[in-house]
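Undergrad: Sequence:
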Amino acid sequence: MTLQYFCSLLVWYVENGLSYLFFEKLQNILVNTSVEMNPADLCILCFTCKKVNIPAVNCSARYNHGKLIVVCYRCKKESEFISIPSYKSVYTKGTCDLDAFLLG
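Residue numbering for the sequence shown follows this note's numbering, beginning at 1 and increasing consecutively.
FYI, nobody ran anything at the bench for these hints, they're computed from the structure. Treat the hints loosely; a few may be bogus.
To be verified - Cross-link-like lysine-lysine pairs, in silico, BS3-like; alpha carbons within 27 Å at most:
#1 K88 with K50
#2 K25 with K88
#3 K77 with K25
#4 K88 with K77
#5 K67 with K88
#6 K50 with K25
#7 K50 with K67
#8 K77 with K50
Please read all numbers here as calculations on a predicted model, not as lab measurements.
Could you build all of it, start to finish, from the sequences and the hints given here?
TA: Okay, here's the thing in structure tokens:
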């Protein structure tokens with residue numbers, strides 16, 4: 001729970017120019033606890049540059065054969081996240097168009 005709460009403060013740290021402090025504290029939490037971050041969350045963080053990866057701003061992102069590959073522009077570090085597609089069935093009563101379905 002500590003890790004989820006701390007990661008929710010990411011926007012505040014970045015807006016106040018404290019992204020370096022965020023990464024220091026995040027690394028301390030990961031080292032001192034047995035909690036692991038989600039691989040999808042790790043893709044958006046560059047621990048080498050201490051920056052949040054934003055596609056087309058400071059990193060490139062591409063999706064190829066079920067892998068999301070993020071490359072930091074500054075340090076050229078590459079992060080991968082394998083996404084497993086999931087398919088869900090949706091059933092509706094009667095007939096309706098897409099707008100009516102999305103509105104509920």
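Undergrad: Indicate, hint by hint, whether the structure satisfies it.
TA: Against the structure, the hints:
Only pairs whose Cα atoms come within 27 Å are accepted, and K88 paired with K50 is rejected, the gap being roughly 37 Å. With a C-alpha separation of about 38 Å, the suggested pair K25 and K88 falls outside the 27 Å cut-off, and the hint is violated. Between K77 and K25 the CA atoms are separated by roughly 21 Å; this keeps the pair inside 27 Å, and the hint holds. This hinted pair does not check out: K88 and K77 have alpha carbons roughly 35 Å apart, beyond 27 Å.
As the CA atoms of K67 and K88 are separated by approximately 20 Å, the hinted pair is consistent with the 27 Å bound. For the proposed pair K50 and K25, the alpha carbon gap of about 11 Å is at most 27 Å, so the pair holds. The hinted pair formed by K50 and K67 meets the criterion: a straight-line CA distance of about 23 Å does not exceed 27 Å. Between K77 and K50 the CA atoms are separated by roughly 12 Å; this keeps the pair inside 27 Å, and the hint holds.
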